[in-house]
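Asks: For this one, chain A is given, so just place chain B on it according to the hints.
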Amino acid sequence: MRIARKHLRIRCTRKSFELRRVVDRTARIGRGDILLVSTMRNENIRLPYFLQYYRDMGVSHFLIVDNDSDDGGPEYLAEQPDVSLWRTGASYRKSRFGVDWQNYLLGRYGRGHWCLTVDPDEFFVYPFCDTRPLRALTDWLDSGQTRSFSAMLLDMYPKGRLADHPYQSGQDPIETACWFDSGNYSVARDPRFRNLWIQGGPRGRVFFRDTPEQAPALNKIPLVKWSRGYAYVQSTHMLLPRVLNKVYDPSGGEKTSGVLLHTKFLDTFGAKAAEEISRQQHYAAGAEYQAYAAGGGDAVELWCPWSERYLNWRQLEVLGLMSQGNWA
Amino acid sequence: MSFGVILLVHADFDRAAQLVRHWARGGCPVVIHVDRRVKPARFDAFAKAVADLPDVLLSSRTACEWGTWGLVAATQRAAELMLLRFPGVGHVYLASGSCLPLRPVRELVDYLAARPDTDFIESATTSDVAWPVGGLDTERFTLRFPFPWKRYRRLFNGYVRWQRRLGVSRRVPGGLVPHMGSQWWCLTRATLSGILTDPARARYDRYFRRVWIPDESYFQTLARQHARVIESRSLTLSKFDFQGKPHVFYDDHLQLLRRSDCFVARKIWPRADKLYAAFLKDPDSFAPRAEPSPGRIDRVFSKAVDRRIRGRRGLLMQSRFPDGRRSDPMTAQPFSVFQGFAELFDGFEPWLARTTDARVHGHLFARDRVQFNDDQGTMAGGLSDGAALRDYDPEGFLMSLIWNTRGEHQCFQFSPDDAQAIAPRLARDPNAQISVISGAWTVPLFLSRAQIPVIRKKVAHLQRVETAYLGLLRAPGVKARARIWTLAEFVEAPMEHLHTILSEMGGGRVPPPMEVPRMVDLTGFDRFLQDLKNQGLHPHVVGDFPTTGSSGWPSGDTSAEESPGSVAHS
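Protein chains in written order, with this note's numbering: chain A, 1 to 328; chain B, 329 to 898.
Bound conformation, chain A alone (with noise of 0.2 Å):
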């Protein structure tokens, strides 16, 4: 394992090569500051609202790497007083789906913060979000020497076809996908590297219903104070030391845990899927993108009778997707 981890670091500082610097803004890091880490093609539609609900959590610095976008994302990024950006036009598969990225720049930024890695469709919540900011948490996990704070990617849809609710920028997507599958969740334990898979969904239910081992990973561990010779193994999922992914109790108990929104299917989804599909550059060849077409494109719905309808994040906790733990 620790030839696995020192092979990730130094892959990661290859691929660093691939990057190059838009707008360095990283000396305005603070001591302490809690760093948002990124990688992104054409989101610019997301981005305000994404900016906006981060800083209004607490984060103080984005670490933003897009690749190859060509829809005025990067030029609206480079503008931000709290982004550095840098872009790459290598291939994001032959970066591990950006993980590459992502390692090196943490490596070279995060060591001593808290950094959350999130793609600009996740949105992270967490226990009593709603009245304490993200140091309230990390000043917590801190107390308790927490390195590392999971939050399960939560799949959230609209009502009816994606197409019929059209996403404006700097709209909260929550508003129209606002439905979630509350409890159709298969867990196992990866025995190698310790960590539990997470699948199933309304994307398990509707597009992997045949096929429920080739659904996504929806498990994540994306808050970790970072520290000298870390890595991200695949996406979020996983890190090395294999410490960092054991954010749960094999005894019973709960520890503290969020949930990442994923509002991946907005109306936008259609377009992406059929790009995604022609590039090939996205996981097990976008097996979901291709599920997604076989299943009808625009006229898939992912809502069902037992949808759940989001409120905040008491209702995830009631509910069993997340757990405050013993923060009260």
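Calculated directly from the structure, the hints in this document are not laboratory data. Among the clues, some could well be false.
[To be verified] Below, in silico cross-link-like pairs of lysine-lysine (DSS-like), each with a Cα-Cα straight-line distance of 25 Å or less:
(1) B:LYS609 / A:LYS225
(2) A:LYS15 / A:LYS225
(3) B:LYS478 / A:LYS246
(4) A:LYS225 / B:LYS861
(5) B:LYS631 / B:LYS785
(6) A:LYS6 / A:LYS246
(7) B:LYS861 / B:LYS786
(8) A:LYS6 / A:LYS272
(9) A:LYS246 / B:LYS573
(10) A:LYS246 / B:LYS631
Replies: Relative to the frame of chain A, chain B by itself:
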């Protein structure tokens, strides 16, 4: 007569200065001890910030590492200075930079003035309290602890193990009885100076220097030597979780803190601006109140600790995953599994749904698709009727279903024709109420009027599967509540058995059902069984079904594919 405050500070100096001002404005002399590990520049800035206050002094500094003697030494220094410099002080209140006064200082002054001889210090013998950080209740007084736990954890643990092996046992000096309690106390001048000027103090100090977490036992033990009236509780509301980590208060605790009527609370998150603003403002907005009553806060925190230690039964999720060794993953609540009933009774499922409040599913584990009640394509929580999804993780499927329908009793049908992967899990689950009419699966075959040679293989297979299932249910260590009848036994008194099952589902005796389900017509069934036997197939799981016909036991059936197992007639 007023009281003085000793403030131990090591970080968040803006908040500390705010607190000092608040205490001083209330008329309390303050002696501040700043951890010596704080950098000089920081210390100087802080000293400057409180320099204008007349009755505020800074004591000489010592390093205060958690769990070590430093905290006691710091308190001693500050207390000596307090008693020396402020002769008007009747009580001394020990507080930290993250302790926030919740009630006006004036109220605390009055409260203490009305109890001039009382020492408020939580002080209990080691046998009486189960202290949070486990394993070191008595041993913290009988072993030596020269290494700080936070920095040298391995050394700490190793030294403890080594002492245990050697049988080290320190003697407590001078007839002291070790007491422990919250480190935040309020002592009278008499008691405090008694402790500080005790002729044996050097000996006591030497002993406590190597005790584990002496700040929770030094004053707590010695107060017993000097106090006249001990009120064994702390005036500071301070809660610890199961790991000995203090609970922290945030802005959203404002109402909870207000209603607690406690004088001081800790720990306050340094950035809880609303709390500091609300409680450090001038007192006119406060109404006079009663004795502290931290009950509600206690409940909030103990609920959280329970959630962390025990968690919610029946829940599998990202941060709760019982591994089956230390804790068996079991379902959230009781559910019922019926085998053979739908085969024997016409319209059994609708009847059961009408008779009970339960949700009655069909065969949840049918091979082709999940038969949710009313033929729904999805179920609570978004569970799908796809068989592949279910079979990918059958245990997870069942646990999710029971979790998603908390508060509603679930029933489902099971048969040897279903996917059997869930069977061992059912037998292990204390929440499973399993009722089996063994051999009832022969009834639909009988009703189909199929030729025996056609169904021969099927009969053999189903019997094999059911026998294996019954074996699971009869194995030692089964936790499920299983009732097993052979078909022959069951048809003798069907209503009696059904009533027993309904009573168990209802959690006690229930009146016999108003409506009786209709049993299928079994005329000729005995002949069917006999025909099976004649073909060399002994359906032993059916039991000894009474024969009405004439045919005897034919010879030459010893080629039975199934040899009657021990389970058949037990």
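Asks: State for each hint whether it applies.
Replies: A quick look at each hint next to the structure:
1. B:LYS609 / A:LYS225: 36 Å, violated
2. A:LYS15 / A:LYS225: 23 Å, holds
3. B:LYS478 / A:LYS246: This hinted pair holds, its Cα atoms lying about 21 Å apart.
4. A:LYS225 / B:LYS861: 71 Å, violated
5. B:LYS631 / B:LYS785: Since the Cα atoms of LYS631 (chain B) and LYS785 (chain B) sit roughly 57 Å apart, the hinted pair is violated (cutoff 25 Å).
6. A:LYS6 / A:LYS246: Holds, because 20 Å separates the two Cα atoms, which is no more than 25 Å.
7. B:LYS861 / B:LYS786: 14 Å, holds
8. A:LYS6 / A:LYS272: 35 Å, violated
9. A:LYS246 / B:LYS573: Within the cut-off at roughly 20 Å; holds.
10. A:LYS246 / B:LYS631: Holds: LYS246 (chain A) and LYS631 (chain B) sit about 23 Å apart, inside 25 Å.
Comparing the model with each numbered hint stated earlier shows that hints 1, 4, 5 and 8 do not hold.
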